[in-house]
Every structure is written in structure tokens, then in C-alpha cells.
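Student: Sequence:
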Amino acid sequence: MSIAFAGSPSAAVPTLRALSAGQHTLRTVITRPATPQGRKRVLTPTPVAVEARRLGLPVLEATRLHDLERELLREPVDLGVIVAYGSLVREPLLSWPRLGWINLHFSLLPRWRGAAPVQRSLIAGDEETGATVFQLTPGLDDGDWYAQHREPVVSGTTAGALLERLSESGAQLTSQVVDELASGRARAHAQEGEVTLAPKLTRDDGRLDWSEDARIVLARWSGVTPEPGAWTTVEDAHVVKILDLAPADDAPHLAVGAVARDAGRIIVGARDASLELRRVQPAGKQAMPAADWSRGWGVEPPRFR
1 MSIAFAGSPS AAVPTLRALS AGQHTLRTVI TRPATPQGRK RVLTPTPVAV
51 EARRLGLPVL EATRLHDLER ELLREPVDLG VIVAYGSLVR EPLLSWPRLG
101 WINLHFSLLP RWRGAAPVQR SLIAGDEETG ATVFQLTPGL DDGDWYAQHR
151 EPVVSGTTAG ALLERLSESG AQLTSQVVDE LASGRARAHA QEGEVTLAPK
201 LTRDDGRLDW SEDARIVLAR WSGVTPEPGA WTTVEDAHVV KILDLAPADD
251 APHLAVGAVA RDAGRIIVGA RDASLELRRV QPAGKQAMPA ADWSRGWGVE
301 PPRFR
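According to full-length UniProt numbering, the sequence shown is numbered sequentially starting from 1.
These are computed hints drawn from the structure, not numbers from a lab.
One or more hints might be untrue.
[Stated by the list, open to error] Here are the simulated lysine to aspartate or glutamate pairs, EDC-like style, with alpha carbons at most 16 Å apart:
1. Lys-241 - Asp-209
2. Lys-241 - Glu-276
3. Lys-241 - Asp-205
4. Lys-241 - Asp-292
5. Lys-241 - Asp-204
6. Lys-241 - Glu-227
7. Lys-200 - Glu-227
Keep in mind it's a predicted model, so treat the numbers as computed, not measured.
Model the full assembly from the supplied sequences, consistent with the hints where possible.
Tutor: Written out as C-alpha cells, the structure is:
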């Protein structure tokens, strides 16, 4: 079976590898163009582009899939597989593959339809998460699903770590569905249950509110780490990025936003309990252990706002 693959970030790479190692033919790999990265703004290809070229696969780059419409329609394929490409698929490309497109989505659909399912799931405090392979339709992640992977959410897991794990399990799930579609054994199921949406996060989503319960603060930190990043402000309005945060159940309960040293660690007060600050990055400085940051406090420790 001939396959067109579309994807861009590192989360799409395991699926690309799995398909490349399978029995089917990867006809083309579509990804977004290289973009300037880092302080020196070095033009950098997507992780999918890098891996596809390493595998010796043909690569097409486009900001929107439909920029390649004329070129793609010249050569039909049996199936399209898309993982976090970064652009919608519309007609006539939606019907270009004989079997349409399947999409690997990192949530248990219909929960968390949209651009940031892993992050929103963690912020909401979900106890279970997973990945879904479904048939792409013109709607937002609303097509019938072929397979799901489920796993419990471990407290303190960051969005980055969870996405990395789901990208691996999702790759095997996608490969399984591709084989089933090729053999005619695939069975589609209508999405059932409550629909929730997962819009893209902004920088403001990363601000921690210490007046909330500790578990809610920790859930938000987990969901926005590493992107867009968790942060807070101190009394002088300077921003401090919170790079590592953990429960501190045996620590004294501080006032909301109060910061203190406790038995060699740095703790901060939430509404109902304290949390341990492990690693921070003050504005204009390098990332550092919270204990090192505390040495520059002066007479009084700061207070988070």
C-alpha cells in the first residue's frame, strides 16, 4: 500500500520511523518549511524533515498542505497518515488518498479535540490519557476512530515527557491501523462521550496562581512544561520561570505566595499546602537550582504574586 505522510514536530518522528520500517511504501513525506531557530536565527528544518532525509525518503515542504495541491494530485496514493503537521487538510486533498487520511491524536477522543490535547489534559487533572487513531474529516478531530491507547497519568509528569511517551505508543498504534486498513480488517467506531476542546496555549496560560490549591498549581505547571513554560512574578514585578516543581506534603504550610527555606529546600505556599521549588530561572539570568537562587534573596525572601 502506498502512503503519504504529513507531520512536523518531534512527536511525529516515531510514527514516520514505524511506517518506514513496515511493509508499505512511503511515497512522500510532507512537512512544514525550515524556520529560524535560536538566538542566531539559524534556519532549521523540522524534526520530520531531518528524519525523512536520514531514511532516504522524498520530502516536500509547505506551510499549508494545499500549497502542494497540484503536485500531489498528479500521483494518487492509497492512504494518508498525518501527525501534528500544523495545517488543516481540505478538499480536494482530503479525498486524494484512496482510503482518505488517518490522524494520530494525543488524547482519548472525543476528549480534548484541538491543538493542545496533552497540555490541556494535564492542566485539567485527568487521571487517564492516551492516543487515538481516527479517520480525518472536515470537522475538528471528529472522525470515527480505529484504535485507542490508554494509560494512567502519573502525578508530576510534564507535558513534554507525556507527549514523548505517547508519541512512541501512538506510532505502534498507527502502524497497526495501517496494516488493518490494508487487509480490510479495520473497524471504525463513532466517537461517544463528552466533547472537550484543547485550544493552543498562550504565554498567559503558564502563569501560576498560588491562591489555588497545591494540586491545581502543580497540574498547571505539569501541563505548560516545557511549553509555553510556567512562570510567576515577585513583588517587584520581575518574572521568575518555574522549571521544576514538586509536592512538599511534609513542609510547613506557608501563606499564599510566601517563599521560604525549609530543611535545605525552597518551598512556596499555595492555598491549602506548600510546594517545593526545585529549579527556577529569574529574569535575565540562567536557569539554576532554587537553593542557589535563594542565596541572592537578601534579608527577606521574595513573595510570589
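Student: Now look at each hint and say whether the structure bears it out.
Tutor: Now the hints, each set against the structure:
1. Distance check on the hinted pair: Lys-241 and Asp-209 sit about 13 Å apart at the alpha-carbon level, within 16 Å; holds.
2. Between Lys-241 and Glu-276 the alpha-carbon distance is near 14 Å, which keeps this suggested pair within the 16 Å criterion.
3. A C-alpha spacing of about 13 Å is found between Lys-241 and Asp-205, which places the hinted pair at or below 16 Å, so the restraint holds.
4. This hinted pair checks out: Lys-241 and Asp-292 have alpha carbons roughly 14 Å apart, not beyond 16 Å.
5. For the hint pairing Lys-241 with Asp-204, the CA-to-CA distance comes to about 13 Å; that is within 16 Å, so the pair holds.
6. For a cut-off of 16 Å, the pair hint linking Lys-241 to Glu-227 stands: about 12 Å separates their Cα positions.
7. Distance check on the hinted pair: Lys-200 and Glu-227 sit about 11 Å apart at the alpha-carbon level, within 16 Å; holds.
Going through the hint list in order, the structure satisfies each hint without exception.
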